[in-house]
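Participant: We have chain A already, so just place chain B with the ligand on it with the hints.
If you want the building blocks of each chain, they are given just below.
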Amino acid sequence: MKTLIKNGLAYIEGAIVKMDILIEDTRIALIDNDITADADEVIDAAGMHVFPGFVDIHAHLRDPGQTYKEDIISGTRAAAKGGFTSVCAMPNTEPVVDNIATVDYIQRRARELGFARVFVIGAITKQSAGEEISEMATMKSGGVVAVSDDGKCVQNAKLMLNCMRYAVNYDLPVIIHAEDYHLAGKGQIHSGKIATQIGLSGIPALAEETIIARDIMLAESAKARLHIAHITTAKSLELVRRAKEQGLPVTCEVTPHHLLLNEEACLSFDTNTKMKPPLRSEKDRLACVEALKSGLIDCIATDHAPHADFEKVREFDHAPFGIIGFETAFPVLYQSLVLPGIIPLERLIEAMSTAPSKLLRLPESGIRKGNPADLTIVDLNQSSVFAAENILSKSKNTPWLDQTIKSKIIYTLLDGTFTFRAE
Amino acid sequence: MTATPQFLGRNVFDLDDYSADEIMYILEAAKGMKEINLREYKKIPTLRGKTVCTLFVENSTRTRMSFELAANRLSADVVSFQASVSALQKGESLQDTVYTLDAMGIDLYCIRHSSPGSPQLVHKYSGKPVINGGDGRHAHPTQALLDIFSIWEKLGDIRGLKITIVGDILNSRVVRSNLIGMKKLGAEVTVCGPRTLMPSYMEEVYGCRVEYSLSEALRDADVVMGLRMQLERMTEGLFPSLEEYSKHYVLSKDTIKYAKKDALIMHPGPMNRGVEILPEIADSSQSVIVEQVANGVAVRMALMFLILGGKA
Ligand SMILES: [Zn+2]
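Protein chains in written order, with the numbering used here: chain A, 1 to 423; chain B, 1 to 312.
The following block holds chain A by itself, in its conformation from the complex (with noise of 0.2 Å):
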């Protein structure tokens, strides 16, 4: 089987240059300006790019346990549609994936039915209670590629040193979602002055500032690997970006709405802009944009977090946190900081693909020969709607629906087939 993409601005090591590329079976056979092979089908990418395939470390499948709001088959669709090749599934299902069973199970289904790889990502805590140490080498055996207890946060600091330098005896990179209960409380929102406007209770900064603190202190004294979901604040950016100087192992992340909104979205009462952690200021939102160009933050992950309508059709304080991403990422960051100028579309496709492969060790991505073929083929000058029929996601929780933004994936292949053709 062979496929062949013609005259394509492929992202190759950093750059963008008009290439053809040949696959053959699942893998990049050939990369050069003007290939004439004979192949089975004949892509004609002219004014099209042609990027390593997206991965993303951070999404919810909900599968098992709650597959009403997505399962294995609808998640990866998505992932496909929105060009990812490759995702990591949070544990924070039911059950928890603190367990080789449940880890199998997902690995199993994603390989039988998936339109995506997925990569399982074990719980720190048995049932992410944050009492008990999970079982990390059994899972690492079965293959999980980091811990986290993500959507939960390991209150007790003593308990968490221990966990860090267990995960440092089996090499996984441990996670954090970085939230102090007592000080997040009943928050809904960033607590700022639209808190204050619209009297919903406020999720302060420090909420998440000081566990990234002592969670960097730990990690120091562990010599772990410590990965910062979905980072938000200016503070904390400052902190990373000191234990960066001081060469500790620690990496971050940051969403597209954490990196396209702010606060002033929850004016509306829409609970499509409630999340955790919550939108921020705007002072907040800039140094995130600032820190994703800089490379400070290392790359961009969706958090893909799917809720049924009747879950978040309701009083903004009984919903719950939480909107997908999978099909919107690329479209909105692209119309929002590229075409404006302010991130290089260089840089958003290394944060979307290269970077975060490397920084959870996923086997390696990237426009090369003798890769894998996971690529995605897009349209920057097409336009996508996000109309809730068009969505593959069982849920349809975002707050961009209905918009038309500029880009649209036309192609994704995975190992060299195709797992989504726009029509």
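Think of the hints as simulated: they come from the structure by calculation, not from any bench.
In the DSSO-like style, the derived pairs of lysine-lysine whose C-alpha atoms are separated by at most 30 Å in a straight line are:
| no. | chain 1 | residue 1 | chain 2 | residue 2 |
| --- | --- | --- | --- | --- |
| 1 | B | Lys124 | A | Lys312 |
| 2 | B | Lys253 | B | Lys154 |
| 3 | B | Lys124 | A | Lys193 |
| 4 | B | Lys124 | A | Lys396 |
| 5 | B | Lys128 | A | Lys396 |
Simulated DEER-style distance windows between Cβ atoms:
| no. | chain 1 | residue 1 | chain 2 | residue 2 | range |
| --- | --- | --- | --- | --- | --- |
| 6 | A | Tyr68 | B | Leu8 | 38 to 48 Å |
| 7 | A | Ala46 | B | Gly9 | 51 to 61 Å |
| 8 | B | Gly237 | A | Lys235 | 17 to 27 Å |
| 9 | A | Glu13 | B | Thr196 | 48 to 58 Å |
| 10 | B | Tyr201 | A | Pro95 | 41 to 51 Å |
| 11 | B | Glu92 | A | Ser383 | 38 to 48 Å |
| 12 | B | Gln82 | A | Lys235 | 43 to 53 Å |
Don't be surprised by glycine CBs; every beta carbon is placed ideally from N, CA and C.
Facilitator: Just chain B with the ligand now, kept in the frame of chain A:
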């Protein structure tokens, strides 16, 4: 008086949707309604055939009675729906509740709910005008209108008045709506309370003055409003004891002397006598606390009349 088209079918989520002129128009209408309340036969046929629903998901007998009385006096039919938040969470959603009520032909909803933004939801689901009777800590526009009405009635023009509000600013929906309305009408408002009960960004968001010392806050005030201090805030670690709070923030003869000599004394009720206000002040000739309740009915009548139309 005839309702003007500009008010027909409008929502009252908060006062920020209403201009200073519109607020004054509402006050004028309320003045007319107050006269009806003083008659022997306190009923006019204005809203005959209209159905008003009081949808109270949070308990407040006083506010509900005030809305229902207002609707009754205008001859509207009143449907009362009461539910606890826990009941709503268990089974039927607010959406389903509204769909059910809507099927009964409601023309106007008056809602009280612990969730900010819930009046907007009721309007979204029903398409009918909604008067916010208090949504969590967010807004309480009818209370603000009756407060402003009470001041206007006694002191005339609101412009340039120095108004001081004392107490748990953080958890008060009354303060937020009052600040919007009073600032629109040109008053200078000072809010005062312990730092732990003061939201951040008050100056930026509302253009008010923030004071932590009661004597400073009261200096030269034309109007002084006390707010109810709730015991539960103590267990939330926001203040140590009612006694200590009272020592520093109670409205008494001793503290009120910093305000203007015949400053108006207000309180949205219910009062903790001896905690935020002493009887010597609450029952003094300067106090309009009892009148505020009567004015509440008039203001709510005015809003229903203006929103649903008709002749008075
Ligand atoms: Zn999280």
